[in-house]
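Engineer: Sequence order for the protein chains is A and B.
Residue numbering for the first sequence follows the numbering used here, beginning at 17 and increasing consecutively.
Residue numbering for the second sequence follows the numbering used here, beginning at 5 and increasing consecutively.
One should not assume that every hint holds.
[Unchecked claim] For each label pair, taking beta carbons as the anchor points, the in silico distance ranges come out as:
| no. | chain 1 | residue 1 | chain 2 | residue 2 | range |
| --- | --- | --- | --- | --- | --- |
| 1 | A | Arg238 | B | Trp22 | 48 to 58 Å |
| 2 | A | Gly337 | B | Gly147 | 36 to 46 Å |
| 3 | A | His101 | B | Arg363 | 14 to 24 Å |
| 4 | A | Trp123 | B | Gly43 | 55 to 65 Å |
| 5 | B | Val37 | A | Gly283 | 51 to 61 Å |
| 6 | A | Ser154 | B | Ala33 | 56 to 66 Å |
[Claimed, not checked] Far from chain A, by Cβ distances over 10 Å, these chain B residues were calculated:
| no. | residue |
| --- | --- |
| 7 | Ala25 |
| 8 | Glu44 |
| 9 | Val119 |
| 10 | Gly147 |
| 11 | Gln191 |
| 12 | Glu235 |
| 13 | Gly236 |
| 14 | Ser245 |
| 15 | Asp330 |
| 16 | Glu338 |
None of these hints come from the bench; they were simulated from the model.
By construction, the Cβ of each residue, glycine as well, lies at the ideal position given by its N, Cα and C atoms.
Residue strings, one per chain:
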Amino acid sequence: MRVELEALSRSFPGVRAVQDVSLAYEPGRLYALVGENGAGKSTLMHLLYGMLPPDAGRILVDGRPVRLAGSQDAIRLGIGMVHQHFMLVDTLTVAENVVLGAEPGRWGRLDRGAARAAVRRDAERFGLAVDPDAPLESLSVGEAQRVEILKVLYRGASFLIFDEPTGVLTPQEARGLFAILRRLRDEGKTVVLISHKLDEVLSVAEIIDVMRRGRHVGRLAREEAGAERLARMMVGREVLLRVDKPPAAAGPPVLEARGLGVRRRPGQAELADVSFILRRGEILGVAGVEGNGQRELAALVTGLLRPEAGELRLDGRPLRGLTPRRARDLGIRHVPEDRQRTGLVLDMSLRENLILGEEGSPAAGQAGVILPGRVAALARRRVAEYDVRVADTRQSARALSGGNQQKLVLARELDGDPRLLVACHPTRGVDVGAIEYIHRTLLAKRTRGLAVLLFSSELSELLALSDRIGVLYRGRLTAVLDADVVDEETLGLYITGARGVADA
Amino acid sequence: MPRKPWRRALALAVEALWPPAAALGLSFAVGTVIVAAIGENPLRVLPLIFAPGLGSADGFARVLFDATPLILTGLSVAYAFRAGLFNIGGEGQLYLGAFLAAWVALALPGLPRPVALPLAVLAAAAGGALWGAIPGWLKARFGVHEVINTIMMNFLAVGITGWLVERYLQEPGQMIPHTAEIPAAYQLQPFARGPAGAWLGLDRANPLGASLLVALAAAVVVALVFRRSVEGYRLRAVGLSPPAARYAGIAVGGVTVRAMAVSGALAGLVGVHEVLLYRHRFLDNFSSGLGFLGIAVALMGKNHPLGIVLAALLFGFLNTGALEIDIFTEVPRELVVVLQALIILLVVSFSELALWRRRRRRRREEAA
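With the rest of the complex left out, here is chain B (with noise of 0.2 Å):
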């Protein structure tokens, strides 16, 4: 059946993104009911979620600040599974861009400025890659499932890099366990305290800062990647199916490779906004799991760069709100935690759903 091509966009943008929009939706009607059983009025304390974010610009600016890891994170996870790879190290791969990057830093101390930055920038992604090629060589050698794989190299990464600093980088003198902080020449400074700071209407402490750029920059190559390039399409050819990819000599072992890394260098950059921007040190089991969100965050954005940028917004929403309503209300922030595991259980489930019916109409049409 020839459609017009804008009913056919529309139709896959609403099969596209049913499941998520519905998800969105039924978690706050869960979370309405949790807070009229707490005893408060949920039309008070729901609208606190998105109040924060949306009230000033230096609010907006620190939702953008929480979502700069999500999009590379997410960017990364969406990047292994267009090649039907499915990245659970995320955690691992941006514990080894972090600390790559800081102990770049303060092993050349010397360099300057335009040489130091696009180093340290670069020094992070590559030990997101090399973390993430690892499992993507076993995956293509020998088979190993790459779950199990990016899993275990969690753990050694955390591990790895915690007794690194511990033995080698500590700075003195303190009980943190934590690098020294890195020179001035490969420090990034939020935009607060430039001369935007002011004119944005940003608080001197907030700390939005150029990794946001950097995260918006790479969800605009991973759209070019996806959509036009040779390397693109055979991340989808593999993905889709192996077999037929191989019979059409591409060589499925290297795209594997390649991808995992890719997908590695992506959640490595995640150093570039906690090293060089936020902490300018590496501290010693930093994140709170910025890898694993990352996965609610593909499925959220359906994998889809543009998606992921703004499922990472969702997300920095409600890590903003939380605050508010731990502040304001007598709901405890976790009400925020309990909608991230409803959204992102939901999205899982309607996502399911909507593939079953997909299935479902397409073997009616085979019977046919």
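For reference, chain A alone in the conformation it holds in the complex (with noise of 0.2 Å):
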């Protein structure tokens, strides 16, 4: 199937988010799509899988234009989606997730036997290596995505497209993925891979688009296409993918844990006797599949949660009865996972986001009253030293994109040199410019003094920025490793368990 965009256009109100783009695709082939948060990767999808109308321009499928007034036309048409967020019943097998919606059988009654039949073709053709009979719920999110793939399949699909499938793997899985992926081409499926990060882009991906602002700034066969390059396109600057990290120069401990744990409860997972010191300029990482005790060591640290065993010291003086308030007075701060929902009031003005938990200081006003010029001056000031990019502080914070928010998380909680930082997943979501931005700020306070605790679920970032390395599995710190001398592979077996269990 030969799929073809013309100079498709798209605006929102106050964006043109797809400019004039025109693209062929050709059966059997791997193709990428790259470019920044924003720069219309995702609409430009949107309007292929029918989910929105263009302005201007046509598709067309075989050589005839088709209109497409939903996904359902897009289905029809054999265009898949595989999203990046799972839309899979837990409760229901893997069979019957597969075929929901579009149950073989007759008269209400679901042919199961044929369900699972079709399930096992799909599985061996392609080598998606899953149980049709499994419950949902017990499948890994590897296995789980092989099951949205599956989906996509069954309902015909021969042009398929991937939201940032890997966001959500480790690299063993996302390896695997790829592997599923060049199957997929073998056996002559178009494949369009939307993503971010360069190197799986690189490694797996024939030809690769390019987006900046709107537009389709080129298409380079992966031969000719290098990071440094795809970077510069991307962003239409000079982009240092690896930042220095100069030499540690770590101090006197600034936060010590001794035996932390608390229990396994609904929605909170287990830590059982975590220790480990962490020094003045020095960037501590933890790496860690999720669910593995990464949210409850961050908690602990920043007051949310109090430790059932153990205890936490600050300057060698212990932390009882931690508050976020309490916290954020001896000059911990936390740049929380979820900016959106935790690092950002959404529906406030930047400058409100600015004081948000300073407040009620001097910075902010006095005796109760928040003084406007204070916190205009305050968050100017932030604004441009931290660079996020905004025309007016009163905008408000929903309005800026994903580096830009989470530039505005770091300007607060890293302005006024703080003893000690909490930072979860700093750049998730980020594209590359910010990245850069926020990986160099980051070293920078190191240099001057700063502790850093940093959660990512991206080894690379991991590996860029720590000085150590701690690996958490179950609740436990199975390892501490010197982010000199490990590289993401054997991280990758660390945090799947496959080694540093027998030797905690």
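Quick one: dock chain against chain with the hints and give me the complex.
Structural biologist: This is the structure:
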């Protein structure tokens, strides 16, 4: 199936999301679509998947123009999309999930045999190993993603769009996914991978399209593309992909954890006997598959959770009865993992967000009164210093891009030279330019003596920034490794428990 | 997109004002149909609603009198709402406020006026604050939903005050369940009885009095708290995003309890109007849903102090107009109740619609 986009454009109030984009996709090839957040890659794919109508231009399938009034139309034509967030039902089996909405059978009876057979057939053909009878809740994230792919294939897709598929996967799982993508291509399907991770695009795609500010700025074959070149095309300027990490000059201990523990509860993972020392001027990375206690550890250090065993010490003094308020007063700052939910009040202005947590301090006013002049001045300074790109600080935080929102949080948390920063996934969903900025800022603060406890699911990020990396596996700190001597591959083994458990 | 500040302000004002304006217009359109169906001339009847209020200073003063408790209960709802709390308990809180004001007055008859009056005002606020703080605390401590709580507290308030009056404070020799008259030191007199009455052209029987000033002062204070204070900032942060507020070190539970207490205090101040000014006593079961009407007023006024004052005025007009319609036309006064209900229903619907449109626009922008 040959798909062509002809001069597609789509605007939203105030934004030209996609401008005059023309692309052709041949069957049996593996494409990638890269660009910063907000470059228009998702909008373009939404146009192709029928979720949005274009303002101008047209879509041709096998040379014939088509009108897509919704995703059903796209599916009927053989266009499928694997979403970033899975749309699966936990309590159903794999086979039931795959056929859901297009069940085989008659008179309202589900033909389970047919469903199972269909799943087996596709699974075998495309190398998607899953047990059709397994309940979905028993599957790993990587397996659940395979179910999503099977779902799309079951509906007869020959053109598959993958929207940021590796965001939730471990390196090993991601490599498994890439093998599947290649297999799909070999079977004659067209595959389009949307991503902002350059290394994975370069390792798997044959043809790479780059978008910047709504425009298609180039198509490269893998051989001619390099990470530097792609980054330059995406951002429109030179980008340092790997920031230089000056040698560590770690000072006295800032944070000490001794035998920390919390019990498992609904919505809370277990943490047991976690001990470490974090020094002044040091970045201690924490690696682990989501749900292995990282969230709980971050919550303990920031006062959101009380330890049930062990203790924390800041500068040698025990932190008892720590609350978020007191943590903040002691110079412990927090970049939470979900900036939209816990880092910012999205419906407040930038100004207001920049004083969140400091609203009662002299920086914002006095005697219980907030002084707008002071707040505006503070906001102007922080926005300038931390490179938040906005025209007006009275704008609501919701209107900012992910990268700018994150810089807003950083501006608030890093200003005023705190003692300790707990940074959780500081570059999640942030574009290349902003990642570079955030990394440089964290390292600069480290040089000035800030101690950072860094949580990230990006192993490359942990390796680039950390001095040492601790591995959390099932609530235990199974290893603390020197960041200079480990690589992603080895870390991958540790975080999945293949290494490090026995010796812990 | 940077825009000129005045254009931005204008756009915001239009955004905020179109739902209540459209609701008002559409309700009167429906009112026209109803009146015509009854066989009266709508062009004669509907203007009658506003005629007494606009016709004379005395009429307008009556509108203001009716609006006074609604300003307070409207502010009460808006204050809690700022923190994301839906206080349905205004009714119970104003009972407690009114009762406590009367009880303090009856218990301490000997106090001189400069002490007595502020004390009674304080008692009214404290009664409401207590009745608001309890559900606030239950919410903060145990997560019990404030809507359920405050509704239950309403029943308790009416029951308890009624029983206390009957058991301890009933005026002897009276069939009506009310307390004795409060001492003169505690009484507020209508403006019409004072020197300003004749000058303003008020009828001797016009009940408007200083409770209006209390309500307006409360509106100013609430506006200042909302706009300029640290507490107002915290209310808003908690209202918009409790998790973000908590992560930033704001004590969400404390803000919740305080918000409900202040909200209750505002409702409790209705006691000043009801007891100190109007009746000079506590009457069992006196309120005809003033607390609930406050929800409508806050809704109509978009939870903004100025909007609330205007919305309370509108409801004041409707109340005063009801009598006129009853007397001078074939249309029953219930028309006004119908209009009130329609306005509330439509304001809610249109506000939802506006919200939905905003969300849709935002989603599209985010998809870009």
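Engineer: Indicate, hint by hint, whether the structure satisfies it.
Structural biologist: Evaluated hints:
no. : hint                              : result
1   : A:Arg238 <-> B:Trp22: 48 to 58 Å  : 54 Å, holds
2   : A:Gly337 <-> B:Gly147: 36 to 46 Å : 22 Å, violated
3   : A:His101 <-> B:Arg363: 14 to 24 Å : 19 Å, holds
4   : A:Trp123 <-> B:Gly43: 55 to 65 Å  : 58 Å, holds
5   : B:Val37 <-> A:Gly283: 51 to 61 Å  : 54 Å, holds
6   : A:Ser154 <-> B:Ala33: 56 to 66 Å  : 60 Å, holds
7   : Ala25                             : 23 Å, holds
8   : Glu44                             : 47 Å, holds
9   : Val119                            : 28 Å, holds
10  : Gly147                            : 14 Å, holds
11  : Gln191                            : 35 Å, holds
12  : Glu235                            : 7 Å, violated
13  : Gly236                            : 8 Å, violated
14  : Ser245                            : 4 Å, violated
15  : Asp330                            : 45 Å, holds
16  : Glu338                            : 40 Å, holds
Checked against the numbered hints above, the structure violates hints 2, 12, 13 and 14; every other hint is satisfied.
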